[in-house]
Structure formats: C-alpha cells, structure tokens
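*Asks:* Sequence:
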Amino acid sequence: MRKKSFHWYLLLVFLLTIGIVAGCSDSDTTESVEEETDDSETNDEAGEEDDVFVLGEEPLEISMFGNYDWYTMPGWGDDVATAWIKENKKVDITAIDGGGNAEQKLTTMIAGDELPDFIWTDRGAAVERLREGGALVPLDPYLDKYTNLRDWFGEEGINMLRSDDGKLYQFPNWYNSSSFGNAGYVVNKGIYEDLGSPPLETTEDLYEYLQLVKDKYPDVIPFETGIDGQGINVLYSAFAEGESPANINNVAVPNGDQLTSIFTDENYIESLQYVSKLFREGLLTQDALTQDQDMVIEKVTSGNIAVFASASPTDHARTGHYNLLEEDPDGGYFMIHPIHKEGLDPNEVYPGSYNMMGWNVSVITKGAEDPEKVFAFLDWLTGPEGQASLIFGPEGEYWDGFDEEGFPQFTEKYYEDPEGLAKVEEDTANFQWNGNSNFLDTAKAKFEETLPEEHRNWTTHWQNTITWDTQYDATQYLNISPIPESEEGIIQQRVGEIFEEARAKAVYAQSDEEVEQIMAEAETAAQDVGYQQLLEFQTEKWQENLAVMAGQ
Numbered sequence: 001m002r003k004k005s006f007h008w009y010l011l012l013v014f015l016l017t018i019g020i021v022a023g024c025s026d027s028d029t030t031e032s033v034e035e036e037t038d039d040s041e042t043n044d045e046a047g048e049e050d051d052v053f054v055l056g057e058e059p060l061e062i063s064m065f066g067n068y069d070w071y072t073m074p075g076w077g078d079d080v081a082t083a084w085i086k087e088n089k090k091v092d093i094t095a096i097d098g099g100g101n102a103e104q105k106l107t108t109m110i111a112g113d114e115l116p117d118f119i120w121t122d123r124g125a126a127v128e129r130l131r132e133g134g135a136l137v138p139l140d141p142y143l144d145k146y147t148n149l150r151d152w153f154g155e156e157g158i159n160m161l162r163s164d165d166g167k168l169y170q171f172p173n174w175y176n177s178s179s180f181g182n183a184g185y186v187v188n189k190g191i192y193e194d195l196g197s198p199p200l201e202t203t204e205d206l207y208e209y210l211q212l213v214k215d216k217y218p219d220v221i222p223f224e225t226g227i228d229g230q231g232i233n234v235l236y237s238a239f240a241e242g243e244s245p246a247n248i249n250n251v252a253v254p255n256g257d258q259l260t261s262i263f264t265d266e267n268y269i270e271s272l273q274y275v276s277k278l279f280r281e282g283l284l285t286q287d288a289l290t291q292d293q294d295m296v297i298e299k300v301t302s303g304n305i306a307v308f309a310s311a312s313p314t315d316h317a318r319t320g321h322y323n324l325l326e327e328d329p330d331g332g333y334f335m336i337h338p339i340h341k342e343g344l345d346p347n348e349v350y351p352g353s354y355n356m357m358g359w360n361v362s363v364i365t366k367g368a369e370d371p372e373k374v375f376a377f378l379d380w381l382t383g384p385e386g387q388a389s390l391i392f393g394p395e396g397e398y399w400d401g402f403d404e405e406g407f408p409q410f411t412e413k414y415y416e417d418p419e420g421l422a423k424v425e426e427d428t429a430n431f432q433w434n435g436n437s438n439f440l441d442t443a444k445a446k447f448e449e450t451l452p453e454e455h456r457n458w459t460t461h462w463q464n465t466i467t468w469d470t471q472y473d474a475t476q477y478l479n480i481s482p483i484p485e486s487e488e489g490i491i492q493q494r495v496g497e498i499f500e501e502a503r504a505k506a507v508y509a510q511s512d513e514e515v516e517q518i519m520a521e522a523e524t525a526a527q528d529v530g531y532q533q534l535l536e537f538q539t540e541k542w543q544e545n546l547a548v549m550a551g552q
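Quick note: the sequence shown, position 423, residue 423 per the UniProt record's numbering, numbers continuous.
Think of the hints as simulated: they come from the structure by calculation, not from any bench.
One thing to keep in mind: the hints can contain errors.
To be verified - Within a straight-line C-alpha distance of at most 25 Å, the following computed BS3-like cross-link-like pairs (lysine-lysine) qualify:
#1 K214 <-> K299
#2 K216 <-> K299
#3 K413 <-> K86
#4 K216 <-> K189
To be verified - FRET-style restraints, in silico, Cβ to Cβ:
#5 D473 <-> D215: 33 to 43 Å
#6 T290 <-> E103: 11 to 21 Å
#7 V52 <-> T260: 48 to 58 Å
#8 Q476 <-> E87: 38 to 48 Å
#9 T290 <-> D205: 21 to 31 Å
#10 L195 <-> E326: 18 to 28 Å
#11 D215 <-> Q532: 42 to 52 Å
#12 E416 <-> T260: 49 to 59 Å
#13 E103 <-> T264: 24 to 34 Å
#14 G112 <-> W70: 19 to 29 Å
#15 N255 <-> V548: 14 to 24 Å
#16 P198 <-> T260: 31 to 41 Å
#17 K216 <-> P329: 20 to 30 Å
Note that the Cβ used here is the ideal one computed from N, Cα and C, for glycine as well.
Throw the hints in and build the complete structure from the sequences for me.
*Replies:* Okay, here's the thing in structure tokens:
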C-alpha cells in the first residue's frame, strides 16, 4: 500500500533532533505548517461527507508503531480476544518493531516516507514534535461520527488534549474521571506467613522483613522492582508526604510555587540511600536496572519473590496469585498499604500517580491511506464492545450482553475462572492502546459489589481496597515538557541523561556518603547544561495548568 508523501519539513524536524541539520527559519516553519493545515482541512471536509464506516463490513488493515524501546507487539490474532476481533470485525493489525531503539526507528521511517497508520507514544512533547512537522491528522472531523471517545472521555478532557492550534491529535489511553492506578506493594502470602506475619508499614519494617527473607529463603528475591527499576521510584514515595514518582518523571520537585532540582531534594537523596543499602546487601533484585519484561514475569508468576513494587505490580501478580493458589490454597499474593518512613503520615504517601488524561496516546499519521477508518477502529476499541472484547474476551464466555446502563453483564465464569480471565487480559496487555478506565473500572466495581469476597477478582479487590485511594493526582503536571527541538528541550534531554546516570550510580554506591556525592556532582553537571532554565520553563507551564484547573 503506497503511503502519501509528507512535507519536507517533517523530515527536517526529526533530523534536527539527532543533530544532522543546523536549523531553519521561523518563516519557513510557519509556511510549511500552514500548507499542511490547509491540506488536512480539505481532506477533513471531504471525509465529513462520507458515510460512517462500520467495522466488519470490509477488511481493514492497520499498521502501528509503539514508540518505546521496550515495546514489541505480540501477534495480532494469536490470543482469543484479538482472534475474535480479527475474524468478526475483519481488522488485521501489523506492527513495526522498534528493535530496542524506537527513536532511531521512527526517524528512519520518516526519512523513508514510511510512517505507520498510527503511533502509540507519550503525550505532550513527543506528539507536538510530530504535529509541528506536519505528520499528524486532526481527529476533530471524526468526533461526531464515531462518538465513543466523546461519550466516555468528555468534552473537557478532549479540550485539555488539544494542541496550540486548537485541534485534537491525540487519542488518550486509560483516561478516567476519578482516581485510578495500581502502583504499590505486593507481598507473597506464603513466605510472609511462614516468617510470622511481621508488621510491614515503615521503611524499617520493610528492611527487617527483607533480611528475614534473605536468611530463610536464599533462592528468593527479597524485593523485586519490575522493569526500569520502577520499584525504586515507588520507594521514593515512602520518604515524602504529598509527593509521588511523578516528580521523578518530571525530574523536578515542587517547592512552593516553583519546581526545583531533584538532585538536591533531601527526600529523593534519602530514598536512593535506602535503595543503595538494599542493593549492596542483596535485599533488592541485582538486575533492577537491566532486566526485561519477560524476566520480571517469570519471577513474579512463579512466586520467586517476597515483595514486589512497581508502577503496576497487579499486571503480573494477578497471574502469579492464581498460580500460587494452585500449589497452596492458602498462598497467593496480597497488597499492603504504602510503606512510609517512621514519622510520616501514611495517608499522605503516594506510591504512584495518575491524571485524568491517563497514560499515553495514539496519534494517526498522514501515512494512513484512510485515517477515518483508523479512527473508527480506535473509537470502537475504546467503546463498550471493544473494551469488553479486549479485556474480558469474546462475548458469551465471561460476559454476555450489556445491561441498561451499557455495562457488560458478567457470567458466573467471570468469578469461577479467575485464572482464565486473568490470562485473557494479560495476553492483550500490549494491545491496550486506548484503554477506557471510566468504562472498565465502573463495570468491574459494579459487578464485584454483588459478589461475596471469595468470588471477587483479585485485582479489582485490591484496587478498591488500596491502590485507587493511594495514587496521587498529577493532572497539574500535564504537558510541562518542552518540544525536544527547542532550547529547553535539548536541555531536558541532557538533564535526563545526567539523571539516569546518577540514579544508576547511586544504586551501586557503597555508602550513604557516596550517594550524596553522586547527586551533588549530578546537580553541578545539570546546572552546567541549563537545568535552571528548564525548571523555569516547567514552572511556568505548571502554573498555567494550575490556573486553568482553577477556572481562571
């Protein structure tokens, strides 16, 4: 299928990112963007005259690219849910693999004029870079024809995702209107009870417990962190009231009405000292910063861990829980309230964060031969039938039809076969490009309330009991990152590299003093590349968000 050609400016923008081209004038930029806008508006008007596209009436082939080094899409149709979609909705999806270097792959695709139909990527700067290069299709013309996004996300949410030109280019993933999230701590019940069920509330409690695990279970990993050391970020929350790992994502810490350096933040330094101590004493997984997803899954699902913390430990712990129950009906996993440093208010400790916009987004590119059909698929997928089919499998097994409010009517098998249900969702985890938390969370919670505790879904139980109430609302930090090609964007990239290097060095440090020295050196290096300028830029964007959220 031949792709449409792109304006030369798109390639120029990305070449700028990797330093191949020196720059171009503002007038050239403005002119090229206007030309692309005119073309897209013409195409949009033509699209509005077409009839609504109905999935299943004709075959639809879609290509996608996950803009993450870690992402590899499984085979579409190799699991029961996507096999049903492929057969009944006639949708076939192929992925372009990033090969472990997504940014380089994306740049190569642009240079070869071979962008996929849609890209799954981070919100904000990543999207704006593509938009300013003229690569993206505005979604506004389709919102009234395919209404699931508008119905479930709402006009307010859509408006918050609009770009500076007033148009919507982003299709959100895991959006919600209330608190949600799974970050926290999972504990192996069998090991815990065998060790006398000691208290697990403070950082000192956790340290002493991990020592017990190491002594009695030398082959078990005392503390597992997930990919990219996510559990290390979770532990940061144990040392700070009213903060969350969102600060780590921003590489900035709020202090009054300013965002300040994370390298000098006492709470963050103390958390790294704690992590470093766990690491050098063999209490924390020794491949915390290098392991891949498969390695984590194997350890967690087999029960070869005592405590597991990550941004979403329930993803794999759910399967592991049911695996362990097969070996021991009294075993499995359970969750605990967030660990906190002695003296802190445990009700002000947040191991994870969320925002109403959710996690990331899908953007439709001008490489799509028929962008409306791609949008129609994404909109179907985020709607009731799409979400129910993807998360719970084809209709007739774990659910059967919808109730008067539009939520799935779950069958007895929903609670009688939790292992099978968990497998459906785990098999489709890397197809969940535009999850609808508004729909799914409400549907599951509504049904779970009707069940006795022994029949409740493991994940939903702990979400209602612990995780949803212990996540931090980070909506205020949306879109505070600069465009990568801007002066502040280049600074952010350099600061990010300094941060990642310092974090890794701190984990491997041999003393608390060494951690302090590492962070002090990182602060100097970051300031030398313009960190304060970046912080001022982020602060301004943050304050603008706060004003908008306050209705000013």
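*Asks:* Are the hints correct? Go through all of them and say.
*Replies:* Structure-based check of each hint:
no. : hint                      : result
1   : K214 <-> K299             : 16 Å, holds
2   : K216 <-> K299             : 18 Å, holds
3   : K413 <-> K86              : 24 Å, holds
4   : K216 <-> K189             : 15 Å, holds
5   : D473 <-> D215: 33 to 43 Å : 40 Å, holds
6   : T290 <-> E103: 11 to 21 Å : 20 Å, holds
7   : V52 <-> T260: 48 to 58 Å  : 51 Å, holds
8   : Q476 <-> E87: 38 to 48 Å  : 44 Å, holds
9   : T290 <-> D205: 21 to 31 Å : 28 Å, holds
10  : L195 <-> E326: 18 to 28 Å : 22 Å, holds
11  : D215 <-> Q532: 42 to 52 Å : 47 Å, holds
12  : E416 <-> T260: 49 to 59 Å : 53 Å, holds
13  : E103 <-> T264: 24 to 34 Å : 30 Å, holds
14  : G112 <-> W70: 19 to 29 Å  : 24 Å, holds
15  : N255 <-> V548: 14 to 24 Å : 21 Å, holds
16  : P198 <-> T260: 31 to 41 Å : 37 Å, holds
17  : K216 <-> P329: 20 to 30 Å : 22 Å, holds
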